[in-house]
Each structure stands twice: as C-alpha cells, then as structure tokens.
Amino acid sequence: MVDKRLRLMIISLNNLRAYFIDFLFRLAGFPVYIAIVYFLWKVILENSSLTGISLGFLVTYYTTMYAVRNIVEQWEIPGKISNDVRQGHMVVPLTKPISYRSYLFWQSALNSIFFLVLYALILFALSIVFHMTFTSDPLIILLFFISMIFAFMMNFAMFFTIGLSAFWMEENNGIVRMFMSVTSFLSGAWIPLDLLSGTLKDIALLSPFSLTSYFQVSILQGKLSLEQIIPEFALMIVWTLIFFLVAKFVWKLGERRYTGYGV
Amino acid sequence: MNYLRLFLRYMRININTLLEYKASFILGILSSLLYIFISFLFWGTIYSYTKTINGWTFGQVMLVQGFFAMFLAFFWSIFHFSEHMDKLIIYGGLDRFLVRPMNPLVAYMFEMFSVDIFGRLFSTIVFFWIALQLGASMNIMNFAAAVVMVFLSSAIFALILVALSSLAFWIGKMESVIAVFDLVWNISDYPITIFPVTAQILMTFGIPLAFMQTYPTLFTMQQLNLSYFLQLIVIEILLIFIWLQIATFVWNKGLKRYSSYGG
Numbered sequence: 123m124v125d126k127r128l129r130l131m132i133i134s135l136n137n138l139r140a141y142f143i144d145f146l147f148r149l150a151g152f153p154v155y156i157a158i159v160y161f162l163w164k165v166i167l168e169n170s171s172l173t174g175i176s177l178g179f180l181v182t183y184y185t186t187m188y189a190v191r192n193i194v195e196q197w198e199i200p201g202k203i204s205n206d207v208r209q210g211h212m213v214v215p216l217t218k219p220i221s222y223r224s225y226l227f228w229q230s231a232l233n234s235i236f237f238l239v240l241y242a243l244i245l246f247a248l249s250i251v252f253h254m255t256f257t258s259d260p261l262i263i264l265l266f267f268i269s270m271i272f273a274f275m276m277n278f279a280m281f282f283t284i285g286l287s288a289f290w291m292e293e294n295n296g297i298v299r300m301f302m303s304v305t306s307f308l309s310g311a312w313i314p315l316d317l318l319s320g321t322l323k324d325i326a327l328l329s330p331f332s333l334t335s336y337f338q339v340s341i342l343q344g345k346l347s348l349e350q351i352i353p354e355f356a357l358m359i360v361w362t363l364i365f366f367l368v369a370k371f372v373w374k375l376g377e378r379r380y381t382g383y384g385v
Numbered sequence: 020m021n022y023l024r025l026f027l028r029y030m031r032i033n034i035n036t037l038l039e040y041k042a043s044f045i046l047g048i049l050s051s052l053l054y055i056f057i058s059f060l061f062w063g064t065i066y067s068y069t070k071t072i073n074g075w076t077f078g079q080v081m082l083v084q085g086f087f088a089m090f091l092a093f094f095w096s097i098f099h100f101s102e103h104m105d106k107l108i109i110y111g112g113l114d115r116f117l118v119r120p121m122n123p124l125v126a127y128m129f130e131m132f133s134v135d136i137f138g139r140l141f142s143t144i145v146f147f148w149i150a151l152q153l154g155a156s157m158n159i160m161n162f163a164a165a166v167v168m169v170f171l172s173s174a175i176f177a178l179i180l181v182a183l184s185s186l187a188f189w190i191g192k193m194e195s196v197i198a199v200f201d202l203v204w205n206i207s208d209y210p211i212t213i214f215p216v217t218a219q220i221l222m223t224f225g226i227p228l229a230f231m232q233t234y235p236t237l238f239t240m241q242q243l244n245l246s247y248f249l250q251l252i253v254i255e256i257l258l259i260f261i262w263l264q265i266a267t268f269v270w271n272k273g274l275k276r277y278s279s280y281g282g
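From first to last, the protein sequence lines are chains W and E. Count the first sequence with the numbering used here and you get residues 123 to 385, in order. Count the second sequence with the numbering used here and you get residues 20 to 282, in order.
Simulated from the structure, these hints should not be mistaken for lab results. Predicted model only: the values in this text are computed from it and were never measured. Mixed in with the good hints there might be a few duds.
Stated by the list, open to error - With a Cα cut of at most 30 angstroms, we get these calculated DSSO-like pairs of lysine-lysine: (1) LYS370(W) <-> LYS218(W); (2) LYS70(E) <-> LYS323(W); (3) LYS202(W) <-> LYS70(E); (4) LYS41(E) <-> LYS374(W); (5) LYS164(W) <-> LYS70(E); (6) LYS323(W) <-> LYS164(W); (7) LYS218(W) <-> LYS202(W); (8) LYS41(E) <-> LYS106(E); (9) LYS41(E) <-> LYS370(W); (10) LYS345(W) <-> LYS323(W); (11) LYS164(W) <-> LYS345(W); (12) LYS370(W) <-> LYS202(W); (13) LYS70(E) <-> LYS275(E); (14) LYS374(W) <-> LYS202(W); (15) LYS106(E) <-> LYS275(E); (16) LYS202(W) <-> LYS106(E); (17) LYS218(W) <-> LYS374(W); (18) LYS106(E) <-> LYS218(W).
Please work from the sequences and hints to get the whole structure.
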C-alpha cells in the first residue's frame, strides 16, 4: 500500500517537473498580491481610525495567509471530480487497486509538501529582507507544521465532499463557488478575523474554517500562546475526523448513483 | 452568413442546455448573491474604520464592483473559450474543430458561448442598486457609454488569454492562464487609483483592468470628461488590434506544431 502511495506522489512530482514553466507563472502572482495588500492597507491606515495595528503586521498576515492557503487549499479537486463523473473518467480510478479518495489524497499531498517547502523558504527569506516577524519558539513552530497537516486534511475532506455534488448535478460550479466564497471569508483570507466586529467575528472564529488557515497564520505570527493553541488543536482534530466521516458517507451515497461507461 | 446561421444554431443548443440545467442556473444566481454579500461585508468592515480610501467612498467602491461583475458577465458568456484553450490543445479536443469547414477558434468560441449572460448580469444590477443606496451618483448616458468600454475590455482580456493559452502548443499545460485570471480577480476589487502611477499604467496598457472597472466608474460618476473618455476608447481599440495580431500569430505558429491523436 505504501508503495502505491509513493508511486502516486512520484507521478505528481513528475507532473510538477513537466509543467515547470506553468508553475513559475503561478508563482508570479505572489509578489503582485503582496503589492496589492501593501498599497491598499497603506491608504486605509493613513485615513483610518484603526489603532494598534501596523502596516508591517498586516503585510506579514496577508503574505502568510497567501502561503498557507496555497499549501493547504485543494480548490482544483471539485473540478477534477466533476470532470471524472461527467466525462466517464471515473471508471479508470475505480478500477485501480486504491480507493478514489486515497488516489486524489496522495496526489494532492505531494503538491502540498512541495509548496510547503517552497513557501517556508520564501517566508524565511522575506522575514530577513523585509523584517517580517514570526515566532521563534521551536515548539510553536513544530505545532505550526503539525497544524498544517491537519489543515491540509480538513481542506481535502471539505473540497472532496463538495466535489462529490457532481454525482447529483451535472454542473457543480455554482455550489463550489458558493462554498469557496464562504470558506475564504470565514478563514480570514479577505480580512483578519480580529478586525471583524461583533457577531460576525464570533461566527467566523467559531466556524471550523478559521482552523484551516487563520489559526495557522496566528500561530506563526506568534499571536497565540501554548495554552491557547492546545484547545484549538483538539478542536481541529475533531473537525478533521468529522469532515472525513462526512466525505466517506457522501462518497458511498454518490457511488451508488454512479453509472460509468460499460459499468 | 454561414457563421451567423451557425451561431444561431449554437444559441439554440445553449438555450436548451440552460433549460436542462435549471438547478445549476439557480445555484449560479445564489452563488453570485453570496459573493455580493461577502464583498459587502468586506468593504463594510473596511469602511467602518475609514470614510474614504483615496477619495473613494463605500458607494463608489460598490460601483467599481458592479462594473467588474459586468465585465465577468461579458467575459464568461462570450469569451469563456479563451480560458480553457490549453486543455483543448493538450488533450486532443482540437481535432474535432480542425475537421470542421470553419475557423477552429470561431467554432470553439461559438460552442463555449453561454446565453446565461442575463443571470450573470444579475450581480451587476445588485451591486449598482447597493451603490445607489449608499449615495453614489450615476449619469445614465455616461453609463451606457461605459458599458461599451467594459465590453471592449473583455475582448482585450480574451485576446490576451488566447495568446497565452496558445503557448500550450509548445509548453503543454497552461494553468497559469487561470493564474492570470486569479490575479485580475485579486486586483479587481480595488479602484486602480489607489495604486502608484506605474502600476496604473500597467493596469491600463498591460492587463487592461482600468478599462474593466475604474474608468467606467469614473465616467459614470462624471469624473472623467467626454474627450478623455473617447481617447480611452481609442486606446482600447488599438489594444484590441495589437492583441489580435499577437494572438493570431501565436495561434497560427502553434497550429503548425500541433499533431493530433494518431498523427
């Protein structure tokens, strides 16, 4: 079994190598994004009543958020599942000696490990050049990396489940877009959750989506103590289990509906 | 005339498809509403800390969102083909267009054309309604002219994507095309005048973002005079001409390299 997973990961790595230029194009978006954040918040902070928050902090926040989301988010999975269902390609993975979910999981895992190493190096370089402040506590850094594994798993299970909607509807773009809008906002990608007000802030912080990237960014920025991290960690493990159980259940329902070519 | 007849036939097929996937249409509308709501929450939070951002009020920023939603409606309904051309090239889908007695690019464009433009324009209307409620001013005659500007910008953007996607003939997968789209999406929320002059020039002559939202908004609010607006339209037409030459050149060169399945 380990051998099959390893092979899948090697295939993913070869894909990355084969499409290296494409990968470089994608990476080019990173500095542009940071520039947008810098200029927008510079203007806002110059004219606002916001106190106790610096431009440096916000730039570090959005830079880390961008990196974390690129590592753990699995936005291409619903489209892939939808494509496999609609065009009858689902038959091929179903005949492989590994479950469809594991097949997608291990393929995505290699990509995420690759981006984790890459963005860790980029963030390290940025922290030196632009004096971005991250935690220096080795234990907290270790917890950050472990939390990234769970964030990846949670994201995978969520996007996999949403992708399975393709079993019931021919075109699932709408539902995927709805899901992505909500999760990106509640995970703090649009605005730091601390800046939200009242009930909205409570909803965002209580939702499991804040544990998929906002939590990780907060750990790395050194905003959370060990005492604050531990309970959130426990919650993250529980949510991961719940999302995987839901994914398994929905897959079983969908599999019963599926009829591929010649099946 | 043949092209017109063919276009009308594709339209009929498109309408039938739309009627077939009613759930998808409704979900599309719902996802647009959700996106508007989240965008409103984001800007509402920002404007709770400041009255204006470089002179832009909350209502005016909602107008910017409305024009960008209009750009998306035009782009996704008419020029959607340009976003997926790389897949057509690398997975051999181009074969069936090459054997048809018409330009393969035009045939693919017709096939990908979506009559769902009215559904997509829905979010534009909602954004404009919000903008008016928040006190933004709109001149109807200027607005009509601004629509032309937005339409031309969607044509420029499509031609850029055609040129980029056609690189797939040489380098395979071009998901970077989607990355370009993501980049535009990231910047689209903000009026370009909050960025430095160099960036504004890039967003006018490079990726024509200024034509998609900021210039149409300024003209609709009567903050641009007619002669300046007409100069901008001329620039757009020039950009269309330039990008048409580039896209046609890359496409034709690439087509010579293309070898279909089975040679």
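Going down the list of hints, with the structure as the test:
With a C-alpha separation of about 18 angstroms, the suggested pairing of LYS370(W) with LYS218(W) holds against the 30 angstroms cut-off. Annotation: proposed proximity of LYS70(E) to LYS323(W) holds, straight-line Cα distance about 21 angstroms (limit 30 angstroms). This hinted pair does not check out: LYS202(W) and LYS70(E) have alpha carbons roughly 44 angstroms apart, beyond 30 angstroms. Annotation: proposed proximity of LYS41(E) to LYS374(W) holds, straight-line Cα distance about 26 angstroms (limit 30 angstroms).
For the given pair, LYS164(W) sits about 15 angstroms from LYS70(E) by alpha-carbon distance, which is consistent with the 30 angstroms threshold. The straight-line distance between the Cα atoms of LYS323(W) and LYS164(W) is roughly 23 angstroms, inside the 30 angstroms bound, and the hint therefore holds. Under the criterion of a C-alpha separation no larger than 30 angstroms, the hint pairing LYS218(W) with LYS202(W) is consistent with the structure, at around 17 angstroms. For the given pair, LYS41(E) sits about 27 angstroms from LYS106(E) by alpha-carbon distance, which is consistent with the 30 angstroms threshold.
Distance restraint check for LYS41(E) and LYS370(W): the Cα-Cα separation of roughly 28 angstroms lies within the 30 angstroms cut-off, and the hinted pair is therefore satisfied. Of the supplied pair hints, the one linking LYS345(W) and LYS323(W) holds, its CA atoms being roughly 17 angstroms apart against a limit of 30 angstroms. Between LYS164(W) and LYS345(W), the direct Cα distance comes to roughly 22 angstroms. Compliance with the 30 angstroms bound is thereby established for this hinted pair. The hinted pair formed by LYS370(W) and LYS202(W) meets the criterion: a straight-line CA distance of about 18 angstroms does not exceed 30 angstroms.
For the suggested pair LYS70(E) and LYS275(E), the alpha carbons sit about 57 angstroms apart, so the restraint of at most 30 angstroms is broken. Restraint check: the Cα-Cα separation between LYS374(W) and LYS202(W) comes to about 18 angstroms, which is no more than 30 angstroms; the hinted pair holds. This hinted pair checks out: LYS106(E) and LYS275(E) have alpha carbons roughly 17 angstroms apart, not beyond 30 angstroms. Distance check on the hinted pair: LYS202(W) and LYS106(E) sit about 13 angstroms apart at the alpha-carbon level, within 30 angstroms; holds.
A threshold of 30 angstroms between alpha carbons decides the hint, and for LYS218(W) with LYS374(W) the separation of about 17 angstroms falls inside it, so the pair holds. As the CA atoms of LYS106(E) and LYS218(W) are separated by approximately 25 angstroms, the hinted pair is consistent with the 30 angstroms bound.
In summary, the structure is inconsistent with hints 3, 13 from the numbered list given earlier, while agreeing with the others.
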